[in-house]
Amino acid sequence: MRAETPSAKTLVLDVPDWPGHAAGQHVDIRLTAEDGYQAQRSYSIASAPESRALELTVERIDEGEVSPYLTEEAQVDDQFELRGPIGGYFVWRARYEEPLLLVAGGSGLVPLMAMLRHRRAAGGAADARLLLSARSLEDVLYRDELGVLDSVQVGITLTRGAAPPGWEGWTRRIDRDMLLEVGPEPERRPRVYVCGPTPFVEEAARLLVELGHEPTGVHTERFGPTGG
Amino acid sequence: MEAGTLHTDGNEAAGILQQIFVAEVTAAGRVCQSCRQDHPIGAHRLYHGAGLVLRCPNCGDLAACITVRPDSNVISLHGTWSLARSE
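Protein chains in written order, with numbering that gives the first Met the number 0: chain A, 0 to 227; chain B, 0 to 86.
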């Protein structure tokens with residue numbers, strides 16, 4: 000287990016007979032209490048398909064039923080009931096040649112990070128850009144890794160509180176001008192992946208289509224208040 | 000509460016749909032019976048209640064209702080689902 004931010008941890012899982020996954024897919028984890036009560040949640044896979052270990056990054060939702068357990072109580076060598084890999088719509092493969100635009104709200108970065116890790120591991124040559132919206136710098140997942148991603152243009156905006164000294168990124172909610180600056184131009188028909196809380200995804204997708212991106216090229220994945 | 004905060008999307012139902020169809024179907028398209036638009040199942044809105052309800056992302060008309068039971072899952076489909084399998 001690896002702490003990523005004060006509220007998020009990466010769980011490294013050893014899954015017998017794991018069939019392999021595609022970047023962007025998730026797993027469903029089911030916990031069963033001693034009285035038989037069950038709770039199930041979906042978690043995005045953070046690791047590249049090329050990675051030997053299966054990694055999930057879980058953000059703690061304080062009032063949640065599953066994430067507090069996974070981030071606070073789970074111990075090394077614990078066993079979980081896991082189903083996956085799951086999903087086929089929100090998937091990116093390194094052989095795709097179109098420019099790639101990733102837009103993440105908070106822990107919506109997790110499946111997009113799997114895509115960037117896949118791109119690096121597979122030697123994908125597609126133009127890749129990432130726009131990440133986070134509350135504060137300490138909430139930014141994979142901060143060190145984002146700083147050294149090869150040939151990926153990374154833009155970060157911090158939406159809550161004062162920016163740290165020397166901060167050169169944005170400090171506002173995502174808007175039209177920010178997306179214009181990140182690019183690429185809609186005429187280049189990028190494949191776009193947007194992941195985050197529902198209101199964030201709705202707004203980002205609306206702005207992208209307004210800018211002229213093909214609605215069918217904008218792939219979305221939302222997580223909601225029922226999460227956790 | 001805003002309507003936009005109540006739903007997620009079809010990606011979250013991928014697991015239960017995979018159990019029912021014994022295949023990945025969120026990349027498959029569905030033509031809405033009301034607005035005739037074609038959207039992948041993963042892009043549909045998903046509402047949580049007593050069961051799960053999938054709705055057209057354009058007009059909000061019903062796409063599917065899924066009832067989750069301890070021993071089985073029951074789905075009723077609406078509109079035209081075009082299920083294609085690749086790879």
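The hints are simulated quantities; they were obtained by calculation from the structure and are not laboratory data.
Quick caveat, the model's predicted, so the values are computed rather than measured.
C-beta: ideal position from N, C-alpha, C; glycine also.
Each hint should be verified, as a subset may be incorrect.
Said to hold, decoys possible - Incomplete in silico selection of chain A near chain B, CB under 7 Å: (1) D27; (2) Q78; (3) F79; (4) R82; (5) I85; (6) G87; (7) A93; (8) Y95; (9) E220; (10) R221; (11) G223.
Self-check item: Satisfaction of the A/G223 interface hint, Cβ to chain B closer than 7 Å
Solution: Hint holds; A/G223 Cβ to chain B Cβ min 4 Å, cut 7 Å.
Self-check item: Cut-off 7 Å, beta-carbon criterion: hint that A/G87 touches chain B
Solution: holds, 4 Å
Quiz item: Hint check: is the beta carbon of A/Y95 less than 7 Å from a beta carbon of chain B?
Solution: violated, 14 Å
Quiz item: With 7 Å as the cut and Cβ atoms as the points, is A/R82 at the interface with chain B?
Solution: Hint on A/R82: holds, closest Cβ of chain B at ~6 Å, below 7 Å.
Quiz item: Holds or violated: is the Cβ of A/D27 closer than 7 Å to a Cβ in chain B?
Solution: holds, 4 Å
Practice problem: For the hint on A/F79, just tell me whether its beta-carbon gets within less than 7 Å of chain B. | Solution: violated, 14 Å
Quiz item: Should the hint that A/R221 touches chain B count as held when the rule is a Cβ pair under 7 Å?
Solution: The hint holds - A/R221 has a Cβ within 7 Å of chain B, the shortest such distance being about 5 Å.
Self-check item: Supplied contact hint for A/Q78, tested at 7 Å Cβ to chain B
Solution: At about 19 Å, which exceeds the 7 Å cut-off, the nearest Cβ of chain B leaves the hint on A/Q78 violated.
Self-check item: Evaluation of the interface hint that places A/A93 against chain B, nearest CB under 7 Å
Solution: violated, 14 Å
Quiz item: Hey, does the A/E220 contact hint survive, CB to chain B under 7 Å?
Solution: Check passed: Cβ of A/E220 comes within 5 Å of chain B, closer than 7 Å.
Quiz item: Close enough to count: is the Cβ of A/I85 nearer than 7 Å to one in chain B?
Solution: holds, 5 Å
In this structure, the earlier hints numbered 2, 3, 7 and 8 are contradicted, and the remaining ones agree with it.
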